[in-house]
Amino acid sequence: MGFKDYCFRKSLWVFHFGGASCNNCDIEILDCLTPRHDLERFGILLVGSIRHADVLLVNGSINKRDKDRLLELYHQAPKPLLVVAVGACGCTGGIFAEGITFAGPVDAIIPVDAYIPGCPPKPEAIIAAIVKLAGKK
Amino acid sequence: MAVNLFYFFIFPGLLFLAVAGALLSWFDRKISARVQFRKGPPLLQPFYDFFKLLLVKETILPKHGSRFVFLLAPVLAVFGATIAGVFILLPLFNINTGFRGDMLVIFYLLTLPSFSYILGSLASGNPLAAVGGSREMKLIISYELTFLLLIAAVIMKSGQHFDLNTVIETQQAGHPFIGSISGVLLFVAGIFCIQAKLAMVPFDMPEAEAELASGIYIEYSGPPYAMIKLAKYIMLFILPAFLVALLMNGMKPGINILWTVLKIPGVVLLLVLIKNTNPRVKIKQASGFFFIWMNLIVVVAIVLIAFGL
Numbered sequence: 001m002g003f004k005d006y007c008f009r010k011s012l013w014v015f016h017f018g019g020a021s022c023n024n025c026d027i028e029i030l031d032c033l034t035p036r037h038d039l040e041r042f043g044i045l046l047v048g049s050i051r052h053a054d055v056l057l058v059n060g061s062i063n064k065r066d067k068d069r070l071l072e073l074y075h076q077a078p079k080p081l082l083v084v085a086v087g088a089c090g091c092t093g094g095i096f097a098e099g100i101t102f103a104g105p106v107d108a109i110i111p112v113d114a115y116i117p118g119c120p121p122k123p124e125a126i127i128a129a130i131v132k133l134a135g136k137k
Numbered sequence: 001m002a003v004n005l006f007y008f009f010i011f012p013g014l015l016f017l018a019v020a021g022a023l024l025s026w027f028d029r030k031i032s033a034r035v036q037f038r039k040g041p042p043l044l045q046p047f048y049d050f051f052k053l054l055l056v057k058e059t060i061l062p063k064h065g066s067r068f069v070f071l072l073a074p075v076l077a078v079f080g081a082t083i084a085g086v087f088i089l090l091p092l093f094n095i096n097t098g099f100r101g102d103m104l105v106i107f108y109l110l111t112l113p114s115f116s117y118i119l120g121s122l123a124s125g126n127p128l129a130a131v132g133g134s135r136e137m138k139l140i141i142s143y144e145l146t147f148l149l150l151i152a153a154v155i156m157k158s159g160q161h162f163d164l165n166t167v168i169e170t171q172q173a174g175h176p177f178i179g180s181i182s183g184v185l186l187f188v189a190g191i192f193c194i195q196a197k198l199a200m201v202p203f204d205m206p207e208a209e210a211e212l213a214s215g216i217y218i219e220y221s222g223p224p225y226a227m228i229k230l231a232k233y234i235m236l237f238i239l240p241a242f243l244v245a246l247l248m249n250g251m252k253p254g255i256n257i258l259w260t261v262l263k264i265p266g267v268v269l270l271l272v273l274i275k276n277t278n279p280r281v282k283i284k285q286a287s288g289f290f291f292i293w294m295n296l297i298v299v300v301a302i303v304l305i306a307f308g309l
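Those protein sequence lines, which keep their order, are chains W and D. The numbering of the first sequence is this note's numbering, which starts it at 1 and goes up by one. The numbering of the second sequence is this note's numbering, which starts it at 1 and goes up by one.
Hints are all accurate, no fakes.
Calculated lysine-lysine pairs in the DSS-like style (CA-CA distance at most 25 Å, straight line): (1) D:K284 <-> D:K138; (2) D:K263 <-> D:K30; (3) W:K79 <-> D:K63; (4) D:K30 <-> D:K275; (5) D:K275 <-> D:K138; (6) W:K132 <-> D:K39; (7) W:K10 <-> D:K30; (8) W:K67 <-> D:K63; (9) W:K79 <-> W:K67; (10) W:K132 <-> W:K4; (11) W:K10 <-> D:K39; (12) W:K79 <-> W:K4; (13) W:K79 <-> W:K132; (14) D:K263 <-> D:K252; (15) D:K39 <-> W:K122; (16) W:K10 <-> W:K132; (17) W:K10 <-> W:K122; (18) W:K132 <-> W:K122.
If you anchor each label on the Cβ, the simulated ranges turn out as follows: (19) D:L145 <-> W:P111: 49 to 55 Å; (20) D:Q36 <-> W:D5: 28 to 34 Å; (21) D:H64 <-> W:F3: 33 to 39 Å; (22) W:V131 <-> D:K284: 42 to 48 Å; (23) D:T97 <-> W:P111: 52 to 58 Å; (24) D:M137 <-> W:V131: 41 to 47 Å; (25) W:A125 <-> D:A2: 53 to 59 Å; (26) D:Q285 <-> W:K79: 40 to 46 Å; (27) D:P62 <-> W:T101: 29 to 35 Å; (28) W:K79 <-> D:I274: 34 to 40 Å; (29) W:D113 <-> D:F11: 41 to 47 Å; (30) D:P42 <-> W:A125: 20 to 26 Å; (31) W:D113 <-> D:P42: 21 to 27 Å.
Hints were generated in silico from the structure; no laboratory data involved. All residues carry an ideal CB built from backbone N, CA and C; glycine is no exception.
With the rest of the complex left out, here is chain W (with noise of 0.2 Å):
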C-alpha cells in the first residue's frame, strides 16, 4: 500500500445518501458517530457536499426517482470514490425487491465496493466494512 493510498484510506469523509428508507438504518448510521462507537477515530467523518465525499453511504430501496439523484450524485463526486450499500434494503431490495416502484438495488445502479446486510445492520457490522474497507487494496 503507497503513501497515496495509505492517506486515502486512513481519510474517508462519508456522504449519506438515504434513499426510499425506513429510517432505521439511518439511525444506526448516525448511532456509528456518537461518543459510544466513535467513528472519528479511524478518520471517517460526514460531510455536507458531495464534492468532499470518499464514500457514498447508501441505505434504503431505490425506487424509480431515487434512481436519477443517486446517479447525479456519483457522478458529480470527484474520483476515487468507494461505495457502500448498508441494509437489507440497499444489498438486494428486501422486502421492496417487488414493488412496483422498485428500480432495482444499489449495485444493479452504481458499482458497489461493500455490502453491508441486516435490517438494520448493528453499528459493530458498520464499523466491521468501515474497517475492512479501509484495509482493502
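Following the hints, put chain D in place on chain W, whose structure we already have.
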C-alpha cells in the same frame, strides 16, 4: 535574499506554519472529541486529510461561473495567511526585521483568506455558496471594526508604536498587557474576533454544516480544497499567535520557552471550549454582538488605557 526565502518558505514560513497549524487542528478535533466523551482522531489525521485531498482526489470545476477565480482563490488564501504568519512570527521569535508599521499590514493580510473564500464561493456559481459568501461578507463587516479598534488600543497601550517588535519589547520590559483591566477586556474582544475570523461555531454561518452543507466551500474538491484546508490550519495557528504577541508577552527566550510555547495551545483550548459549548447565532445577532457589545468593550478599554489602567 536567501534568508528571506528561508523565512518565507521554511522556518516561520509555509512549512513550519503548516505543520504547527495541522497539529493545532488535531488538538482542536481531539479536544472537541474529549468534550463529547469520544476518543477522537489520531495525531496525524490532519496530514492524512491534507495529502488525501492533494494527491488522491480529483478536481471538479463548476460548469457555470468563473473557473480562473475559482482556482485562484484558495492559492490567494494560502498566500495571505502565510505572509501574515511570517510577519507575526518573526517578531514573536525575537527576530527584528526593522519593519515599522507592520501591525497594519498584518491586519490587512489577515483579511485576505476571508476575502478569497468570498471570491471563490461567488465564482463557483452555486446558490448555497453564494448564500455562504454573503454571510461571510456580513461577518467581516461585523468583526473587522472591533479587530482594528483592538489593534489601535494595543498601539496606544505600548506608547504609539506601530510595530509588533516594540509592542513585545514593551511588554517584556514591563508587564504583559493582559495583566491590567484594559488588557483583560481586550483579550475578551480578541478571543471573539478570532472565533469569528476562524468561522468557529458561534459564528460559523458561512459554512453552516446543517443548512448550507459547508456553504462557501461546497464546490471545492481535491487540491483546491486541500489549499483551503491548509489556509485554515495556518489561520488556526497565527491568529492565537498574534493575540499572544499583542497581549500576552510574546515569546521569551531561554528557560521560559516551554511556558511561552504553551500559551498558543492555551488560547486554542479556550477557542475550542467556546466552540463546543455554544450554539450558532444568526447573522443579525452576530452583527449586533460585535457592533454593540464588543466595540463597547474595546472603547471602554481604550478609555481605561488613556487613564493608564
